[in-house]
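Below, each chain spelled out in residue letters.
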Amino acid sequence: MEVTLQYNNTDKKISTPSTDEKLQKEIDQLNTLTSEIISNGSDVPPIATPENFNKDLSKMIKKLYEGGVQSFKQNKFEESVRQFTIGIEMINRRHKFEAFQGTLQELSMFLMSRTDANLKTKRYLDAFNDIDMLLSMQMCTPENFLRRGVANYFLGNYEAARADYQRGLAYDPNNRRLQDELETCLDKILEENGDYL
Amino acid sequence: MDEEDIPKTANISVFTPIIYLIILLSCFIAFSIIYRRRTVRNLQKIDPIFEENYPLIMYSILKDQYNDPNLSKEQKPHEKVMKAALLRRGVEAIRRSLKLKESESVYKSLYENGLIGDDIFKQYNIQVKFQELEIQEIARDCELYKKGWTANFFKVAQEVCFNEALRRRILIIEDRAKDLSDTWEYYEQEVEKIENIKKIDNTKASGVEKNPSA
Chain A
1 MEVTLQYNNT DKKISTPSTD EKLQKEIDQL NTLTSEIISN GSDVPPIATP ENFNKDLSKM
61 IKKLYEGGVQ SFKQNKFEES VRQFTIGIEM INRRHKFEAF QGTLQELSMF LMSRTDANLK
121 TKRYLDAFND IDMLLSMQMC TPENFLRRGV ANYFLGNYEA ARADYQRGLA YDPNNRRLQD
181 ELETCLDKIL EENGDYL
Chain B
1001 MDEEDIPKTA NISVFTPIIY LIILLSCFIA FSIIYRRRTV RNLQKIDPIF EENYPLIMYS
1061 ILKDQYNDPN LSKEQKPHEK VMKAALLRRG VEAIRRSLKL KESESVYKSL YENGLIGDDI
1121 FKQYNIQVKF QELEIQEIAR DCELYKKGWT ANFFKVAQEV CFNEALRRRI LIIEDRAKDL
1181 SDTWEYYEQE VEKIENIKKI DNTKASGVEK NPSA
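Residue numbers (the numbering used here), protein chains in the order written: chain A, 1 to 197; chain B, 1001 to 1214.
Warning: the hint list may mix true and false statements.
Derived pair list, reagent style DSBU-like, types lysine-lysine, alpha-carbon separation capped at 30 Å [said to hold, decoys possible]:
1) A:K63 <-> A:K76
2) A:K188 <-> B:K1178
3) A:K59 <-> A:K73
4) A:K12 <-> B:K1080
Derived list of chain B stretches under chain A, where covered just means 3 residues or more per stretch with a C-beta under 8 Å from a C-beta of chain A [to be verified]:
5) 1049-1056
6) 1174-1186
Source of the hints: derived by calculation from the structure; they are not laboratory data.
Don't be surprised by glycine CBs; every beta carbon is placed ideally from N, CA and C.
Input sequences plus hints: build the corresponding full structure.
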């Protein structure tokens, strides 16, 4: 495999004349990591600890989250979605060698809240997409299954919604909201099949 | 009778056993070379499980430039670029090792149940061995840039690996929404088609019932 790399000493970046998309992506990843190591200032990237988690960025992210929640409480759901989206973009800008656990916690908070805001704005597909992503990252809580179930229900995927409510109930059998939603969903499935209880 | 019992002796040169040993050793060496070449040739025939390892290729090219005495200081990659390139190589090695670890039980159970052949199981085992060697080589290279970096290198590489995986998933969200939307639209259309066919069939059936002579 023939790969040509060009190095620019001014900005310490690598480039290639090749049009291979995968190679381009790898070069972008390398350039990002190089600039992060340079901006960090230390000789080699430090081990991720809660202490070297970028606190300034954490403050900004927290502010955006609180802003989003505030907008949600004031029924400004569109604004709330926008703020959560900016927050997610900001989480993406953290250095790659910062603590993964911290990043994951922040991200899950934003995705959960953006799902709620998307459900309120009736953007069920976006809501499903966010919460499905969160569940695929092993954030298996009854509330998350409830969120995905609601999104599936309004998207007309009643069988998928039923499965979600039942999985949520497996984690918390006494969850009243999940029980009610499951009942509604089962009625809807019967109705779809031309049947009733 | 006495003449027959006398063992016959032949004078041989002192070099004869030495020549014998040389021939024996030569045969052994030739066999070993041929055997090794054949093993390497067989290994080369095995397809790798993973795609092209770009971080490794990039690091090798940059390392050649870094160690090239004919290049000026400006043309040589900066040390931090080399560290980043090595880290990227380490991240890819960890990602591949994790993928192999994840699929270990699947390969084993499929092989034990006879659902995959020796060739695929051998391909998997060779890939595992190859990854071990890759990690050892990375650990050796770590020491070239900073003494004692190996101890922390893989912890940092693992963190970078996880964060990159998370970012890939976040960045794919928008494309995923489009794909999901297309899939559901397709299913809706298919369901509509089936319902229309059912309606037509029902109308035809009721028409036949109303006019049985037809």
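Which hint numbers doesn't this structure obey? none
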